[in-house]
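K.L.:
Okay, here's what each chain looks like letter by letter:
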Amino acid sequence: GNSVTQMEGPVTLSEEAFLTINCTYTATGYPSLFWYVQYPGEGLQLLLKATKADDKGSNKGFEATYRKETTSFHLEKGSVQVSDSAVYFCALSGPSGGYNKLIFGAGTRLAVHP
Amino acid sequence: NAGVTQTPKFQVLKTGQSMTLQCAQDMNHEYMSWYRQDPGMGLRLIHYSVGAGITDQGEVPNGYNVSRSTTEDFPLRLLSAAPSQTSVYFCASSPGEVLQETQYFGPGTRLLVL
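Just so you know, the sequences run in chain order C and P. Here the first sequence is numbered in this note's numbering, starting from 1 and rising by one per residue. Here the second sequence is numbered in this note's numbering, starting from 1 and rising by one per residue.
If you are wondering where the hints come from, they were derived from the structure by calculation, not from laboratory data. Hints are supplied without guarantee of correctness; some may be wrong.
Each computed BS3-like pair below joins lysine-lysine, with the alpha-carbon atoms no more than 30 Å apart [as the list claims (entries may be wrong)]:
| # | chain 1 | residue 1 | chain 2 | residue 2 |
| --- | --- | --- | --- | --- |
| 1 | C | 101 | C | 52 |
| 2 | C | 77 | C | 60 |
| 3 | P | 9 | C | 101 |
| 4 | C | 60 | P | 9 |
| 5 | C | 77 | C | 101 |
| 6 | C | 56 | C | 68 |
Take a look, some chain P residues computed to stay more than 10 Å from chain C by CB distance [stated by the list, open to error]:
| # | residue |
| --- | --- |
| 7 | 67 |
| 8 | 73 |
| 9 | 78 |
Quick reminder that beta carbons are idealized off the backbone N, C-alpha and C, glycines included.
Given only the sequences and the hints, what does the whole structure look like? Please build it.
P.N.:
What follows is the structure in structure tokens.
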């Protein structure tokens, strides 16, 4: 079945450091891929998404590219801020599992200190 | 615009008790779903609904019931709570069934079963 694997956290960085959070997936066909962010005490928010191979999703300085050849969707940011401290979830939907069901990775906690 | 609201925010139950977690959205979204979030496991889909009167099971449906009598509301019922149901529960909605559209999450309900 479909699955998502993320790098384990926590990831601890200094402000202005470069961020990479690895995400790989297993799925048949061409799923849609997402990154969600959960700030402390809040629900999840969509950060970015990509719906086909080689698409790049971007938002708030974060980027991720849908790589079919490596089945990956790594999240990157060039210069993190303290306000980026949160838990980040990689997720996919469809096609074999249905486009109405999200499959999440375990989440990666990011802590950014001044 | 309230978005997705959930009540209560926190609940303590004894084993065998029943309760209903409430979820409401004011965006006229057809698709609604319930997830549970457990440490190290990301979010897992419990039940979902593609419209009023239509519900289906997700990945972990056992011990939970749902109904969808209106577009706005999607309550989750625990008929006989068990300690294994201690978790954080999130409700989500999106405009349509195909999840390339953004899914909006509520703030969550933290449930402790003793």
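K.L.:
Each hint should be assessed against the structure and marked as holding or not.
P.N.:
Verification of the supplied hints:
no., hint, in the structure
1, C:101 - C:52, "holds (17 Å)"
2, C:77 - C:60, "holds (9 Å)"
3, P:9 - C:101, "holds (25 Å)"
4, C:60 - P:9, "holds (29 Å)"
5, C:77 - C:101, "holds (27 Å)"
6, C:56 - C:68, "holds (12 Å)"
7, 67, "holds (18 Å)"
8, 73, "holds (17 Å)"
9, 78, "holds (20 Å)"
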